[in-house]
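Enquirer: Letter by letter, the chains look like this.
There are 2 protein chains.
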Amino acid sequence: MRIALAQINAVVGDLPGNSRIILSRVDQAKVAGADLVIFPELALTGYPPEDLLLKPQFIKDTAAHLKALARQITDLPCVIGHVEQGPRQTLFNSAAVIENRRIKGSYHKRCLPNYSVFDEKRYFVPGNENLILDLGGYRVGLTICEDIWEEKGPVDEYARLKPDLLVNLSASPYFVGKIHARHRMGTRWARLCRASVAYCNLVGGQDELVFDGGSFAMTSSGRLIASAPQFEENLLVVDLPVQSGRKSRTHPKAPTLRLSKPNPRLKPQLNSRTIGPLKPVEEIYRALVLGTRDYVQKNGFGTVALGLSGGIDSALVAALAVEALGKDRVVAVTMPSPYTSSETFKDSQAMADNLGIRLMTLPIENVFKGFLGALSESFEGRTPDITEENLQARIRGALLMALSNKFGWLILTTGNKSEISTGYCTLYGDTAGGFAIIKDVPKTMVYQLSLFFNTLHGREIIPASIITRPPTAELKLNQKDQDTLPPYDLLDKIIKGYVEEDRPVSELIRSGLDETVVRQTVRMIDASEYKRRQAPPGIKITSKAFGKDRRVPITNLYRP
Amino acid sequence: MRIALAQINAVVGDLPGNSRIILSRVDQAKVAGADLVIFPELALTGYPPEDLLLKPQFIKDTAAHLKALARQITDLPCVIGHVEQGPRQTLFNSAAVIENRRIKGSYHKRCLPNYSVFDEKRYFVPGNENLILDLGGYRVGLTICEDIWEEKGPVDEYARLKPDLLVNLSASPYFVGKIHARHRMGTRWARLCRASVAYCNLVGGQDELVFDGGSFAMTSSGRLIASAPQFEENLLVVDLPVQSGRKSRTHPKAPTLRLSKPNPRLKPQLNSRTIGPLKPVEEIYRALVLGTRDYVQKNGFGTVALGLSGGIDSALVAALAVEALGKDRVVAVTMPSPYTSSETFKDSQAMADNLGIRLMTLPIENVFKGFLGALSESFEGRTPDITEENLQARIRGALLMALSNKFGWLILTTGNKSEISTGYCTLYGDTAGGFAIIKDVPKTMVYQLSLFFNTLHGREIIPASIITRPPTAELKLNQKDQDTLPPYDLLDKIIKGYVEEDRPVSELIRSGLDETVVRQTVRMIDASEYKRRQAPPGIKITSKAFGKDRRVPITNLYRP
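As given, the protein sequences belong to chains F and W, one line each in that order.
No gaps in the numbering here: position 463 of the first sequence is 486 in the working numbering, and each next residue is one more.
No gaps in the numbering here: position 471 of the second sequence is 494 in the working numbering, and each next residue is one more.
Watch out, some of these pointers could steer you wrong.
Remember, identical chains collapse to one label, so a pair may be satisfied in a single copy or spanning two.
[As the list claims (entries may be wrong)] Pairs of lysine-lysine, DSSO-like flavour, derived with a Cα cap of 27 angstroms:
| # | residue 1 | residue 2 |
| --- | --- | --- |
| 1 | K201 | K350 |
| 2 | K175 | K144 |
| 3 | K144 | K571 |
| 4 | K78 | K571 |
| 5 | K571 | K519 |
| 6 | K499 | K392 |
None of these hints come from the bench; they were simulated from the model.
This one's a predicted model, so the numbers in the text were calculated from it and none came from an experiment.
Construct all of the structure, not just a fragment, from the sequences and the given hints.
Expert: Written out as structure tokens, the structure is:
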């Protein structure tokens, strides 16, 4: 049985575009001699369509596009994720089985995730039946994403139905290392059902999320025999070993599909070959590149711009942007103030030169003086404080936004997770922009990614002086991040424990972290929720990112 | 049977504070001779606690506070909303029945709303049992909020159990006119169960939400016999007619509570008296005042500031702020540019004078020139456009934020729903601030509220010239809103149809709205999602507000 897994990059809401991608993959799979082609969860609508699902017109339009798709699909059977109208205004997260221009059956997702970034119970009702296809006599069980993650869920029921192959349509968002959990799940499931496994995941960036692909196939012993690369589109075609002696009847109402006639000249594109999972740093790097590229492309931007400060965060963002879009679509802007040291200014220039990107220089001193003049009366008798620091950041934000308005550029912000956690950033200042690509990247990982980038390119594109200089916001004389924040290795441990794992403060202290530092940091994290609420979206790479993954009230008197 | 409904203003996360409020209401109810006192849904934690519920320590702390509360509650039986740990890391949205220092029973909410602003399936598992208390021989059925809104839900089961009284603990967020739906529901339910009804709602502002109170009691014929005012705390004490002949046994395991000894000297605070629901404009007005006051107070701000432009939006926001906080806690800032007409400047002064608030004047011309100078080289050969308009708005945003930083003031933004829908606002400019109190108020309602405010105070506090002048952003010469936007009465109809009701474009056109205008407006709405994502929170007053009520992807190629 030759199965094609179409790991496509569907765009949310783009029903005509997604239909075209689906049809082209069906054609490719046909050429490769596949017996069945599987598409990801909600491939037709893109994932997650969010509140588009509350628009009756969107549901109707999706149904019309599915029908039109079916009419163009001739002999090769397909399973396509879409949204399906159920009884009494309900919706199913559905998989349509299509063959010979007809929708021959439907599977409705049974387990609806409603945690982390997922809101599926907001939109869908669960299905309550398994579906086994008869594919030329073989029994093929269908599941969608979460169905295979639930203990004592649909998989356990399938196990009793003795399928030959179990298929999963997924839209499984990336976080670091998640692919290993998927493989473990696949193995467990293959062994439980004594069936081969074919897992087809979406790929591509969608606002805060990146879908990393990594579709795969396993034998019934749970051995990985083929896997698609992460972070790119792929059509994975694989010959799955099925025991022909095991053929048995499916339910009389089950969709019955024909196997294609064997053609020895047709070779699978990829078979008995697996691509080893990436190392964490490279995986994160690829996720950030794809997430950036897709946000920019899908939203129709040509060029991006960012403030290049001479620090490591903006250096990494510039590097990632060039990797995602090419050097001609990235503009760096340096906005020196009297507090900008000649070293950081030179480093910005070196960084832009090394990347081969355009560098604009917009000094802020005169505008800053203008602001101080406008405020001098109001501020009389007051000493300079954080106000004047923030003003500089806000002038830079306004300058970048002026470039954005004038030239249609998307502004990338450069704040990392350590800063955004603690509120060590200026709202409407360095947080001003459309996309915050490293907002879920802790500072310690910013360093690792920067070193990885240089290694990948075989030279010091990010200058060593940027990597080794103690971090500074340069908003006053001799300022260093570590005047205000704990050392980043300690800070990032606290963020992991408190933000990502919701661990109690007492437990963090018991684990050996300094009590005073933990309590101060947790206070900073809690107190800066209002800033995060107004921050641009960025790419989730950890098990818990800021954004829809973490929904904390601003008005909140709980003091842990 | 004398029931006390404690319509309290609980603060999210404030376990000690909420405990104190609860105890003080128990004492008051005791003095009033109540037999039972009811608190709102999740009264102990505040509503909605959102992802605080994912913190195991928060759950433990809540349990400890409930236990401590119980120890201090002696003879008067209470029903208190709280969060309860269930089996295997699950949580219940629970109502504890407390008497004589003991928790005598628990009801677990059965219907968990997961639509609109609600995410309850993210946190809770549903209960699966009804609970009837035996209160001195009377049968009292418990429900929590959504339980009474579901057709063929718990209420229908209660109907078969023949209760004497049905109680509902609610945290029902306000939108205009919702109280009528609650009354209709109460009547339907009273008649169905042939039981009296006691509905206790939360009151107070919490980020985007306002809980409007309006707790009430009904006879078994569905007649309203007592109601608490909306938008303020209240202890509603009411003698409910119950047929003493109808006493019957409850389930042997049901909590059994004693009635208090009748004391003719103890009078209910409010009985056989109902407060008529407010008219829509007044209701919205009160919601905005309470939402503003609570956001400011609960987040610990002393003073608020806002940019007073001479237009009607900022005039209304100033008026609402003064109503919420008093004139000494509101600072107006006028930031004239060369495009500011002498009329609007004078109107700002008149407005501040009429309210008796401090007015600061910070001209922006010099800062604007500074920016133009900094950008002159980059912008060479380009004609002025929206960039220069936005720059002025961003200078104003930065000036307000400088005042915020220097003096600790909260900045109120002044954008209305019509502007925020269409993106007719400058990100980091007029959207810069902590709280956007009229962001869910359509422009046509801004006018009605302004007239209402003047009527309420018996004089033209908001000058007639502000109300009658055609709206303008004054960011270029002779600019009028209606150069860019359709007339507001038409615009607001489109927003209601497309945003609040998710009606298809074709239906809006068929209803008689101009096709070109509808299509242009819908495009503007869809294209400005990225701005809304970075906008400050504001108060929900319609059936669908921006924020967690409407979750639309930014990357979205659906074109309706």
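Enquirer: Given identical chains, is K175 near K144, meaning Cα to Cα at most 27 angstroms, within a copy, between copies, both, or neither?
Expert: both (19 angstroms within a copy, 20 angstroms between copies)
Enquirer: At 27 angstroms max between alpha carbons, let me know whether K144 reaches K571 within a copy, between copies, both or neither.
Expert: both (15 angstroms within a copy, 15 angstroms between copies)
Enquirer: Which holds for K571 with K519 at a C-alpha limit of 27 angstroms: within a copy, between copies, both or neither?
Expert: both (17 angstroms within a copy, 26 angstroms between copies)
Enquirer: Is it within, between, both or neither when you check K78 against K571 at 27 angstroms Cα-Cα?
Expert: both (21 angstroms within a copy, 17 angstroms between copies)
Enquirer: I want to check one pair: K201 and K350. Are their C-alpha atoms no more than 27 angstroms apart within a copy, between two copies, both, or neither?
Expert: neither (31 angstroms within a copy, 55 angstroms between copies)
Enquirer: Treating 27 angstroms as the Cα threshold, decide for K499 and K392: within, between, both or neither.
Expert: This pair counts as both: shortest intra-copy Cα distance 15 angstroms, inter-copy 25 angstroms.
Hint compliance for this structure: hint 1 alone is broken.
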